[in-house]
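Chemist: Residues per chain, in single letters:
2 protein chains.
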Amino acid sequence: MEKDELIALRDQHEKELREHVLPFWEMHSGDVEHGGYFSCLDRVGRVYDQDKFTWLQARQVWMFSRAYNRIEARDSWLDMAELGIKFLDRHGQDPNGHYYFSFTREGVPLMAPYNIYSECFAALAWHEYDRARPSAYARSKAKEALDHFLTRRASPKGVWSKATSHRSLLSFGTSMMTAYLAYEMQELFLDGTVDKYYHECIQSIMEIHYDESLGVIREHVQLDGGYSDTMDGRLINPGHGLEAIWFLVDVVERIGQATLMSKLAEMAKRILDYSWDEVYGGIYYFMDAKGAPPQQLEHDQKLWWVHLEALIALSRLMIHVDDEVLEQWYRRVHNYAFARFPDHVHGEWYGYLNRRGEVHLNLKGGKWKGCFHVPRALLECTSNFNRLIEAD
Amino acid sequence: MEKDELIALRDQHEKELREHVLPFWEMHSGDVEHGGYFSCLDRVGRVYDQDKFTWLQARQVWMFSRAYNRIEARDSWLDMAELGIKFLDRHGQDPNGHYYFSFTREGVPLMAPYNIYSECFAALAWHEYDRARPSAYARSKAKEALDHFLTRRASPKGVWSKATSHRSLLSFGTSMMTAYLAYEMQELFLDGTVDKYYHECIQSIMEIHYDESLGVIREHVQLDGGYSDTMDGRLINPGHGLEAIWFLVDVVERIGQATLMSKLAEMAKRILDYSWDEVYGGIYYFMDAKGAPPQQLEHDQKLWWVHLEALIALSRLMIHVDDEVLEQWYRRVHNYAFARFPDHVHGEWYGYLNRRGEVHLNLKGGKWKGCFHVPRALLECTSNFNRLIEAD
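So the sequences go chain by chain: A and B. All the letters of the first sequence, read from the start, carry residue numbers 0 to 391 under numbering that gives the first Met the number 0. All the letters of the second sequence, read from the start, carry residue numbers 0 to 391 under numbering that gives the first Met the number 0.
Treat each hint with caution, since some may be false.
As the list makes no split between identical chains, a pair holds if one copy fits it or if it spans any two.
As the list claims (entries may be wrong) - Quick list of in silico lysine-lysine cross-link-like pairs, DSS-like style, CA-CA up to 30 Å: (1) LYS85 to LYS161; (2) LYS2 to LYS262; (3) LYS142 to LYS268; (4) LYS156 to LYS14; (5) LYS262 to LYS85; (6) LYS366 to LYS161; (7) LYS2 to LYS85; (8) LYS14 to LYS195; (9) LYS156 to LYS366; (10) LYS85 to LYS366; (11) LYS195 to LYS142; (12) LYS268 to LYS161; (13) LYS85 to LYS142.
Rather than coming from a laboratory, the hints here were simulated on the basis of the structure.
Please construct the entire structure, taking both the sequences and the accompanying hints into account.
Modeler: Written out as structure tokens, the structure is:
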């Protein structure tokens with residue numbers, strides 16, 4: 000890309016983040032009465048449901064801490080982060096130290112800690128908050144949640160698992176999140192152990208879950224890495240794959256295995272080739288690897304986070320790999336996303352488009368969408384374009 | 000309706016059932032090698048996944064037994080029923096007698112008995128099969144499954160429940176299925192107890208779950224019957240409501256409380272007024288009672304069973320209530336459904352249309368759709384129109 004284009008893209012992301020996204024959450028999501036955040040916000044930012052979800056509480060703590068750490072040390076951002084971390088600290092954990100899945104507005108637990116990604120996001124929240132306002136306590140809470148996540152990876156749902164042991168499959172999500180945690184929080188791993196995780200994740204994602212013949216990442220594979228011709232075994236979640244790719248770009252850069260970058264670029268391009276909707280544009284949400292009918296009724300919808308993770312992955316790869324095709328894909332996904340998802344009237348991005356790219360649900364936040372993927376991606380892409388500009 | 004119209008409708012349903020629906024399942028679903036049925040069938044009837052699900056095994060046993068009992072005593076239909084009941088008998092239950100949720104093709108359990116509707120459909124299967132080929136064994140299995148369902152109603156998910164006890168809500172589904180089981184299997188209830196269930200279900204559905212002011216049935220209410228302003232409390236599933244209405248028409252007819260019929264007709268009309276898509280036609284799948292964004296990404300899709308349950312409810316009500324508006328609604332839903340769901344090239348009906356009424360997933364069966372709602376509705380509507388013709 001020419002420098003002008005890189006600068007324009009950098010500026011566009013930065014402006015979107017500062018003017019249209021962070022202000023939406025600052026204005027509408029804080030619960031000053033009970034602490035924590037409302038995440039169920041309609042198009043204009045009105046609270047339509049008061050329940051609170053650990054994933055979204057923790058992710059928003061992380062996001063405002065990161066904005067404070069990376070953009071500028073603005074007190075109001077740190078206050079915002081503190082609102083959430085105090086809620087998690089006061090109400091978040093069960094007697095075993097595991098994080099409940101959801102709460103009433105006041106903090107009474109509603110759903111048991113059945114989901115290990117709650118620990119994962121709690122670890123990230125405490126860790127990033129600790130960077131903004133360091134304390135031994137925050138650091139110990141980050142370490143505690145990280146350890147719970149690593150320990151529970153082998154049996155993520157524990158007693159809440161409904162599956163018998165007959166068809167045990169390896170789940171891509173745990174490798175992917177382990178890579179992200181290991182990169183973000185490496186100093187919390189015991190001396191020397193983080194490298195083991197880095198190599199484990201690289202192997203798991205690039206060799207075991209990546210299907211070279213199809214050019215996609217499989218969500219679930221057999222314990223020996225083999226293909227499982229079952230609904231779970233055939234499931235493809237292209238956004239997940241693209242997200243994992245930029246996690247691995249970071250890991251690979253850190254450990255200095257630059258030879259792997261071109262393989263990662265190849266993977267990203269093949270996932271996009273496989274999952275781009277040639278009729279209406281956009282990336283499908285779910286696909287079946289043998290083209291069987293997916294069971295997910297939302298399979299052909301176009302989701303905000305899928306497109307944003309693609310943008311981070313492509314611009315991150317462009318730093319390391321000089322490839323015109325990456326740039327073409329970047330522009331294609333960028334133009335698709337920026338034309339449809341942002342809402343410059345009320346702020347934040349829409350999350351859910353139908354296959355045709357029309358707004359399908361006009362909420363700005365809910366049980367699964369909060370203050371996370373949009374601002375994280377805008378921040379990551381701003382940083383990627385800054386690096387590309389500097390290198391130019 | 001004039002007699003000509005009633006006859007035409009009766010004939011249309013009967014022909015659809017005999018020529019386009021039952022043959023599809025007879026031809027494609029039987030697993031002669033391992034017993035039971037394949038339910039994951041694509042548009043043309045090819046098996047795209049071999050897993051077996053108790054709901055769909057049991058429902059298909061019920062359907063072919065009922066066809067044998069109600070249409071004609073065709074040996075091939077009884078053989079078909081036997082294929083499934085033997086599979087359930089051999090593999091269905093855990094050591095406590097509860098039915099697993101799913102199995103491999105060979106019958107190895109995959110998912111624990113976390114779902115009480117498995118018992119419910121198993122009870123119906125054994126009971127209807129026993130009517131076709133009576134035995135003390137089949138009758139005892141029907142009674143066993145019925146008792147498990149009734150016992151587990153209070154805590155449907157048992158140890159697999161992820162919810163804490165803080166927000167206990169009454170679930171409409173259990174009242175609705177209890178009404179159906181009590182009507183279908185009344186001789187299996189201890190003397191005199193079935194009337195208690197009849198009255199309990201009438202009260203639960205018509206007074207507690209039905210919201211008079213909105214004209215809809217709420218899926219979940221507080222234990223005292225009050226409104227819960229939460230995602231679960233606001234959830235409306237119009238197809239569920241319409242299905243329950245015809246269950247209650249049967250119950251009310253049996254116990255001779257004819258004065259309740261006009262209230263049931265009123266409820267059906269109001270649910271349809273509330274949930275009909277005035278732009279594209281069809282009945283929405285999920286709605287939020289205060290108009291907040293639903294969390295179900297498939298909320299505006301048009302599902303086969305929703306429309307079929309509406310047709311049964313409306314034609315059943317027409318037997319008891321003389322109301323031009325019921326007939327208008329009947330024609331409206333019938334014309335919508337028959338123009339879009341049937342596939343006269345390969346048989347059976349499509350299950351999933353997008354909001355615009357276009358085929359969204361072209362499977363004929365899957366994890367949740369099998370040989371049940373289409374043939375049951377065609378049989379029930381044939382019977383309803385026969386009664387209307389006779390009464391004319």
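Chemist: With reference to the structure, classify each hint as holding or not holding.
Modeler: Cross-check of the supplied hints:
1. LYS85 to LYS161: between (33 Å within a copy, 24 Å between copies)
2. LYS2 to LYS262: within (26 Å within a copy, 71 Å between copies)
3. LYS142 to LYS268: Classified as neither: same-chain Cα gap 36 Å, cross-chain 58 Å, threshold 30 Å.
4. LYS156 to LYS14: neither (40 Å within a copy, 48 Å between copies)
5. LYS262 to LYS85: Neither way: LYS262 and LYS85 sit 42 Å apart in one copy and 51 Å across, limit 30 Å.
6. LYS366 to LYS161: Both ways: LYS366 and LYS161 sit 22 Å apart in one copy and 16 Å across, limit 30 Å.
7. LYS2 to LYS85: Classified as neither: same-chain Cα gap 44 Å, cross-chain 71 Å, threshold 30 Å.
8. LYS14 to LYS195: neither (39 Å within a copy, 65 Å between copies)
9. LYS156 to LYS366: both (19 Å within a copy, 22 Å between copies)
10. LYS85 to LYS366: within (20 Å within a copy, 42 Å between copies)
11. LYS195 to LYS142: The answer is within: 18 Å in one copy meets 30 Å, while 56 Å across copies does not.
12. LYS268 to LYS161: Neither, since 36 Å and 39 Å both go past 30 Å.
13. LYS85 to LYS142: Answer is within; shortest intra-copy Cα gap is 17 Å, inter-copy 53 Å.
Of the numbered hints listed earlier, those contradicted by the structure are 3, 4, 5, 7, 8 and 12.
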